[in-house]
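Student: I would like the entire structure built from these sequences, with the hints used as guidance.
Those protein sequences? They're chains X and P, same order as listed. Taking the numbering used here, the leading residue of the first sequence gets 1, the next gets one more, and so forth. Taking the numbering used here, the leading residue of the second sequence gets 1, the next gets one more, and so forth.
Hints were generated in silico from the structure; no laboratory data involved. In this text, a Cβ means the ideal position worked out from N, Cα and C, and glycines have one as well. A few of these clues could be false.
[Unchecked claim] Here are some chain X residues pointing at chain P (derived, C-beta under 10 Å):
hint	residue
1	Pro43
2	Gly50
3	Leu82
4	Trp90
5	Thr101
6	Gly128
7	Ile138
8	Ser139
[As the list claims (entries may be wrong)] Cross-link-like lysine-lysine pairs, in silico, PhoX-like; alpha carbons within 20 Å at most:
hint	chain 1	residue 1	chain 2	residue 2
9	X	Lys83	P	Lys226
10	X	Lys60	P	Lys165
11	P	Lys300	P	Lys165
12	P	Lys226	P	Lys102
13	P	Lys300	P	Lys102
14	P	Lys102	P	Lys248
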Amino acid sequence: MLDLNRAVALALLAFSSGYAYLAFTFHLLPFELFLSVRPNTMPIALAVGGIICSLALLIKPQSSENETEGDGTVNRADGEYLKNLQNYNWIQGIALLVLATLYALNLRSLGFLFCTSTFLILGGILLGERRYTLLIPISLTASFLVWYLVDQVLTIFLRPWPGWFY
Amino acid sequence: MFDGMLLGLETAFTLQNMLFAALGCFIGTIIGMLPGLGPMSVVAIMIPVSLQIGDPSTTLILLAGVYYGAIFGGSTSSILINAPGEAAVVATAFDGYPMAQKGQAGKALTIAAISSFSGGTIGVVLLMFFAPALANFAILFWSAEYFALVLVGLSAISAFAGKGKVLKALMMTLLGLMLATVGESSLFHAPRFTLGIMDLQSGINFVTLAMGLFAVPEAFFLAIDKIRGKKGSSKKSQEISNLRINLKEAKAIMPVIARQSVQGFLIGVMPGTGATIASFLGYAVERNLASPEEREEFGKGSIKGLAAPETANNAASTGSFVPLLTLGIPGSGTTAVLLGAFIALNLQPGPQLMQDRPEVFWSIIMSMYFGNIVLLVLNLPLVPYIARLLSIPRSFLIPFVLFFAMAGAYIGQNNATELLLLLGFGVLAIIFRFADYPLPPLLIGFVLGQMFEDNLGRAMRNANGIQFIWERPMTLTLIISAAIFILVPLIRDWLTNKRK
Numbered sequence: 001m002l003d004l005n006r007a008v009a010l011a012l013l014a015f016s017s018g019y020a021y022l023a024f025t026f027h028l029l030p031f032e033l034f035l036s037v038r039p040n041t042m043p044i045a046l047a048v049g050g051i052i053c054s055l056a057l058l059i060k061p062q063s064s065e066n067e068t069e070g071d072g073t074v075n076r077a078d079g080e081y082l083k084n085l086q087n088y089n090w091i092q093g094i095a096l097l098v099l100a101t102l103y104a105l106n107l108r109s110l111g112f113l114f115c116t117s118t119f120l121i122l123g124g125i126l127l128g129e130r131r132y133t134l135l136i137p138i139s140l141t142a143s144f145l146v147w148y149l150v151d152q153v154l155t156i157f158l159r160p161w162p163g164w165f166y
Numbered sequence: 001m002f003d004g005m006l007l008g009l010e011t012a013f014t015l016q017n018m019l020f021a022a023l024g025c026f027i028g029t030i031i032g033m034l035p036g037l038g039p040m041s042v043v044a045i046m047i048p049v050s051l052q053i054g055d056p057s058t059t060l061i062l063l064a065g066v067y068y069g070a071i072f073g074g075s076t077s078s079i080l081i082n083a084p085g086e087a088a089v090v091a092t093a094f095d096g097y098p099m100a101q102k103g104q105a106g107k108a109l110t111i112a113a114i115s116s117f118s119g120g121t122i123g124v125v126l127l128m129f130f131a132p133a134l135a136n137f138a139i140l141f142w143s144a145e146y147f148a149l150v151l152v153g154l155s156a157i158s159a160f161a162g163k164g165k166v167l168k169a170l171m172m173t174l175l176g177l178m179l180a181t182v183g184e185s186s187l188f189h190a191p192r193f194t195l196g197i198m199d200l201q202s203g204i205n206f207v208t209l210a211m212g213l214f215a216v217p218e219a220f221f222l223a224i225d226k227i228r229g230k231k232g233s234s235k236k237s238q239e240i241s242n243l244r245i246n247l248k249e250a251k252a253i254m255p256v257i258a259r260q261s262v263q264g265f266l267i268g269v270m271p272g273t274g275a276t277i278a279s280f281l282g283y284a285v286e287r288n289l290a291s292p293e294e295r296e297e298f299g300k301g302s303i304k305g306l307a308a309p310e311t312a313n314n315a316a317s318t319g320s321f322v323p324l325l326t327l328g329i330p331g332s333g334t335t336a337v338l339l340g341a342f343i344a345l346n347l348q349p350g351p352q353l354m355q356d357r358p359e360v361f362w363s364i365i366m367s368m369y370f371g372n373i374v375l376l377v378l379n380l381p382l383v384p385y386i387a388r389l390l391s392i393p394r395s396f397l398i399p400f401v402l403f404f405a406m407a408g409a410y411i412g413q414n415n416a417t418e419l420l421l422l423l424g425f426g427v428l429a430i431i432f433r434f435a436d437y438p439l440p441p442l443l444i445g446f447v448l449g450q451m452f453e454d455n456l457g458r459a460m461r462n463a464n465g466i467q468f469i470w471e472r473p474m475t476l477t478l479i480i481s482a483a484i485f486i487l488v489p490l491i492r493d494w495l496t497n498k499r500k
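Tutor: Below you can see the structure in the form of structure tokens.
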């Protein structure tokens, strides 16, 4: 079976090949053909390097030892997580990323204050926080403070409310 | 010269100026902690406010305080939540964050503050004595030398190339260089590799990539694993906020600070290189100089690995004032913004400034020195409180880490595409981490990529080929140094593996 290391190497090979295709087919202006350095000179070199490197990663024998960074009891190597899937809370991690995506998609339309405080409250609830009397005021205050600092003090525009509010 | 220094000291050490310096440091530290608002943005934002003061010396003292405060603020978010909001503090996270995870956040912040102070202070001393001579040296550097210098900066990837990760580190660097070619470059004005996406015309935003690569995976791993990082947060708050550095540690970082102050300053003197290359290079040099046992610690919470980039980036920031004050050329983004402040104050930096307006020249230098002192005095007592942020329960900490990362990419752009890109990079980074691919080389490649291509392109155009490599002795020396930095660890690893 294809292990993750090789799957990533294969994806990198595909990426490098796509990049190489775009670099080789890059539309040069007539005068650029006579330049010593063209807009695609370095990209071509990088693409070739990327293909060679990813191929080497793909065919290189995999070492069996798994390096553990730092204190193994606290900061286990990231690859370890995949060996004991049931021991970790994958749903929380993935749900958090989904929540962040929803935040990104709705930030402009729903406004900074509403969207940020909702994200912080839902994020806290998702991670097991049940002290609502603490969570809600902290989230609302933090959202307001950041908005006030950025929009009012630093004068960088951040729409506070949903678009239909205006 | 001493008369000028006394005049500068007299100006800087008035009650009003000391208060403005303290205020500047405080504002800079708080705003600088927000990813995406680096020293350049913070100084630019503060210029209109500071010009209201009226007095040029006080204005510049306030801006110097803001500048140094913002640099320290950036280091703080790198160390505490692995969110380097600015290229110059990326290397700080390499060892600063692992230290914080081990429950040594207070110590890490103290080392960062002391290293920054020392780098900045030694930089100011060098600036006072050698500025005119160094300005002449800096203009000897052409594109060929800059290209070679960037290559030496890229050799920092060797620091992550140990233990069978050589190829992976190299691949990540190439990937970073590829991402740096997206959008328009200053050499070629046509957009490249944008796939028709308008938002990519100006390239990938540094903060978007940095937050995606570091902050998002960190939040994810903290969410799936309740034990991860627990050692750091479960320690008593006294331990987390402990500032104490023992004699052995002080002895270990002293030579690093001395070396990196000089090296960082010299790199900063050259226009266009700045604190980013200085920090990566400082990290790579110190790792190569370390003993084999100490080298193993790099990337896992080495105090030398933290002190080196912190000293170097501050010394380089000071060094970047040399071309500004002596030649009127802004050597970095921040000094370009400061040039705007000088002009708004009716001051013209350049060769005549020291002769015609010595009181201004020296008060600028003294205000920089003063900004450093105030930063240390003001921030060291705050370190225990800042470090205690790590004691916040994970249900609060994780959403806030994600929020700060996303806010950094969104603020100023008002573009949701940046956030989606950030999350996309985050997911990719999680996969890379599962497969044990080192991520710092990707960011190093990305940060230096644009500079690499621009300078290589200009050098090749000037020479009409690559003969500049052997025709220019300084270029050749730097390229050989880069080759040594990359090859020596590789050969050492290869020999170690062969012996096994």
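Student: Taking the numbered hints from earlier one at a time, note which ones the structure violates and give those numbers from smallest to largest.
Tutor: none
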